[in-house]
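Line by line, the protein sequences give chains B and C.
Each step along the first sequence adds one to the number in the UniProt record's numbering, with nothing skipped, and position 258 is 258.
Each step along the second sequence adds one to the number in the UniProt record's numbering, with nothing skipped, and position 145 is 145.
No lab work stands behind these hints, which were simulated from the structure alone.
Here the structure is a predicted model, which is why all the values come from computation and not from measurement.
Among the hints, erroneous ones may be present.
DSSO-like mimics (lysine-lysine), calculated; alpha carbons at most 27 Å apart, straight line [stated by the list, open to error]: (1) C:K93 / B:K5; (2) C:K160 / C:K92; (3) C:K92 / B:K5; (4) B:K303 / B:K261; (5) B:K60 / C:K93; (6) B:K5 / C:K160; (7) C:K150 / B:K60; (8) C:K160 / C:K150; (9) B:K39 / C:K118; (10) B:K60 / C:K135; (11) C:K118 / B:K5; (12) B:K207 / B:K60; (13) B:K39 / C:K150; (14) C:K150 / C:K135; (15) B:K39 / B:K207.
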Amino acid sequence: MRPFKYSASTTINSAAQLLSANPNARILAGGTNILDLMKEDVERPDELVDINRLNLSVVKPITEGVNKGGISIGGLGKNAETANHPLIRQNFPLLTQAILAGASAQIRNMATNGGNLNQRTRCPYFYEVSMPCNKREPGTGCGAREGINRMHAIFGWSESCVAVHPSDMCVALAALDAVVKVQGSSGKVRSIPFAEYHRLPGEMPEKDNTLQHGEVVTSIEIPKNNFASKSYYLKVRDRASYAFALVSVAAAIEMNGSGIKQAWLALGGVAHKPWRAFEAERFLAGKAATADNFRQAAEMEMKQAKALEHNGFKIELGTRAIVLALTRAMNGGTA
Amino acid sequence: MMTEDTPDQELTEDEKQLFGQLLCEDQNQLTDFDEARRNFLKQITLAGGGILALQMFGKETFAGSLHEPLNAELPVNLENSVNVSFKVNGIKKSLDVDSRMTLLDTLRERLQLTGSKKGCDHGQCGACTVIVDGKRVLSCLTLAASCTNKSVTTIEGLAKNGELHPMQASFLKHDGFQCGYCTPGQICSAVALMGEARNGEVSYVTPNVRIKAAPIQLSEEEIRERMSGNICRCGAYPNIVDAIKEVHSAKPVAQNWNLVDQKELTEI
Ligand SMILES: Cc1cc2nc3c(=O)[nH]c(=O)nc-3n(C[C@H](O)[C@H](O)[C@H](O)COP(=O)(O)OP(=O)(O)OC[C@H]3O[C@@H](n4cnc5c(N)ncnc54)[C@H](O)[C@@H]3O)c2cc1C
Ligand code: FES
Ligand code: FES
Chain B
1 MRPFKYSAST
11 TINSAAQLLS
21 ANPNARILAG
31 GTNILDLMKE
41 DVERPDELVD
51 INRLNLSVVK
61 PITEGVNKGG
71 ISIGGLGKNA
81 ETANHPLIRQ
91 NFPLLTQAIL
101 AGASAQIRNM
111 ATNGGNLNQR
121 TRCPYFYEVS
131 MPCNKREPGT
141 GCGAREGINR
151 MHAIFGWSES
161 CVAVHPSDMC
171 VALAALDAVV
181 KVQGSSGKVR
191 SIPFAEYHRL
201 PGEMPEKDNT
211 LQHGEVVTSI
221 EIPKNNFASK
231 SYYLKVRDRA
241 SYAFALVSVA
251 AAIEMNGSGI
261 KQAWLALGGV
271 AHKPWRAFEA
281 ERFLAGKAAT
291 ADNFRQAAEM
301 EMKQAKALEH
311 NGFKIELGTR
321 AIVLALTRAM
331 NGGTA
Chain C
1 MMTEDTPDQE
11 LTEDEKQLFG
21 QLLCEDQNQL
31 TDFDEARRNF
41 LKQITLAGGG
51 ILALQMFGKE
61 TFAGSLHEPL
71 NAELPVNLEN
81 SVNVSFKVNG
91 IKKSLDVDSR
101 MTLLDTLRER
111 LQLTGSKKGC
121 DHGQCGACTV
131 IVDGKRVLSC
141 LTLAASCTNK
151 SVTTIEGLAK
161 NGELHPMQAS
171 FLKHDGFQCG
181 YCTPGQICSA
191 VALMGEARNG
201 EVSYVTPNVR
211 IKAAPIQLSE
221 EEIRERMSGN
231 ICRCGAYPNI
241 VDAIKEVHSA
251 KPVAQNWNLV
261 DQKELTEI
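So that you can see chain B by itself, here it is in the shape it has in the complex:
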């Protein structure tokens, strides 16, 4: 690991200022991603701003504004504590399941909500500094495009990058229509709708998201919903636990009598950002909650998918995963 200066800040303002003053400074939250990448020489900050002493870890009900009745989770809240918070378990079990599907108990005890949003891809070409990677070193090419791309994207990729976003938590947040609150050194707070937080690679794969340097994720707001009893997070992976998703699905259904009023669907492991399955959602609105309709919705979504050389299996896998996740959501969200 390269030498770096360790700075600990105690206020959002001082953290944002330290960051703004140094383009090569990075935030240290749980450290589970940034330290790993620094050991690999992928990330090379010359300063780490430790934000662990900021008071940003509370979970609290939102009592006013557009998201009234929803919940706010702190940017520094630990993944494990967020997942197990009684209000989250009761009202947003989709988020609980998604967080608990990721990483391991030890990592979830360390990982923070803000860090989870800003974790980088697990693409092996990104991790291996002797390989070309436009995300790590713009202009060097994409090693995975013609390389081994079994784990890579089937939606929204570009010739310059086929990497996927690795988070499970973010897939649930996408389906939950969350809003990311960020604050910069000017003290100004921005609210970023979750769908606009992460981006597709296009010609700028080095930018994972729309956060600007110097900004800190202070909280994530989740609006109230009526589908707590009908949601499910399904994760399909190479081993039973402690592995990144091949495909994952966050599914939620609000019923209107015997028909579907609205469905919320987001996919993980398939794109550079959590992939909201809007096509499938539109199809399901007003339909009966039958296996046949679930299958048709899934197929409709997957029509837009474009496989690479080694990941064609994700199209059928994704289709079946959507059907299974919707079915389990209808069954009360139990495995």
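Please build the complex by placing chain C with the ligands on the supplied structure of chain B, with the hints as guidance.
Here is chain C with the ligands on its own, set in the frame of chain B:
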């Protein structure tokens, strides 16, 4: 190793003393579990194989702390030095570290606590698991600099007053290891897991996460899911699960292995 000699004749004075400490019967609060553990330790010790186990799990743990710290390895020139004051196994420590130093390297290289192991150094194996402020975490992805005012418990801190922690004893009873490299991490992880279950924390395989938090009785599937952050290259998983089950249920779980007896030995 398996001879007819009585084990006492093979024990050094050190070992006899340790043996006495481990098996002393004059404690007045013996739980069933402790009783079972004692009988077990006696059994394997009498059979000879236990001497090795005692050396590995007893002697090193208890006697290891008697060694003087090796000052020779103190770095002279620290780049980006950070002072960290924290507690390790209940003892206050204050030292200057390079900002890059992980908690794992600090424990192993600076504090002579080599129980925590470096398997991958990238968060992928769990061998470095320690307990910080009551939570199991990976010391390879924790900067020592960020540990100020925290309290760290390592495998060396689990035994109390010469008594193995029940989880350590249970790993011994169930042979929850082969090479032993993952074991300190497995045991620290399992100890913290007991607390998580008591607090009613759920997992990805919990059927209904909306239930109100209350102590959870872990199924085998739950134990496997919640221990998935600790990889065992030797594949001792079935025995690890048995060891955890025994402590979690506070009821004896049958050993799935036995020492060969005299009769079987003569038949070979
Ligand atoms: C072996 C392994 C397996 C894993 N498996 C999974 C998995 O299956 N599913 C999954 O979802 N995740 C998985 N993870 C990833 C894990 O969830 C992330 O590493 C973690 O969420 C990152 O959070 P952190 O607080 O540790 O971030 P850090 O490492 O501290 O930071 C990560 C990045 O975010 C930035 N950052 C941190 N906090 C903020 C903030 N408040 N505002 C702005 N920027 C910030 C940092 O500067 C850094 O660039 C795995 C990780 C490991 C090591
Ligand atoms: S050494 Fe820390 S997880 Fe492998
Ligand atoms: S006992 Fe050898 S790695 Fe687990």
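To see whether the hints hold, each was checked on the structure:
1. With a C-alpha separation of about 22 Å, the suggested pair K93 of chain C and K5 of chain B falls inside the 27 Å cut-off, and the hint holds.
2. Distance restraint check for K160 of chain C and K92 of chain C: the Cα-Cα separation of roughly 18 Å lies within the 27 Å cut-off, and the hinted pair is therefore satisfied.
3. Of the supplied pair hints, the one linking K92 of chain C and K5 of chain B holds, its CA atoms being roughly 25 Å apart against a limit of 27 Å.
4. Between K303 of chain B and K261 of chain B, the direct Cα distance comes to roughly 24 Å. Compliance with the 27 Å bound is thereby established for this hinted pair.
5. This hinted pair does not check out: K60 of chain B and K93 of chain C have alpha carbons roughly 36 Å apart, beyond 27 Å.
6. Using a Cα cut-off of 27 Å, the hinted pair K5 of chain B and K160 of chain C is violated, with the two alpha carbons roughly 39 Å apart.
7. Of the pairs offered as hints, the one joining K150 of chain C and K60 of chain B holds, with about 26 Å between alpha carbons and a cut-off of 27 Å not exceeded.
8. Of the supplied pair hints, the one linking K160 of chain C and K150 of chain C holds, its CA atoms being roughly 20 Å apart against a limit of 27 Å.
9. For a cut-off of 27 Å, the pair hint linking K39 of chain B to K118 of chain C stands: about 14 Å separates their Cα positions.
10. In summary, the hint linking K60 of chain B to K135 of chain C is supported, as the alpha carbons are separated by about 23 Å, within the 27 Å threshold.
11. For the suggested pair K118 of chain C and K5 of chain B, the alpha carbons sit about 25 Å apart, so the restraint of at most 27 Å is met.
12. Taking the CA atoms of K207 of chain B and K60 of chain B, the gap is about 31 Å. The hint is violated against a cut of 27 Å.
13. With a C-alpha separation of about 24 Å, the suggested pairing of K39 of chain B with K150 of chain C holds against the 27 Å cut-off.
14. A distance of roughly 11 Å separates the Cα atoms of K150 of chain C and K135 of chain C; the hinted pair therefore holds under the 27 Å criterion.
15. Restraint check: the Cα-Cα separation between K39 of chain B and K207 of chain B comes to about 21 Å, which is no more than 27 Å; the hinted pair holds.
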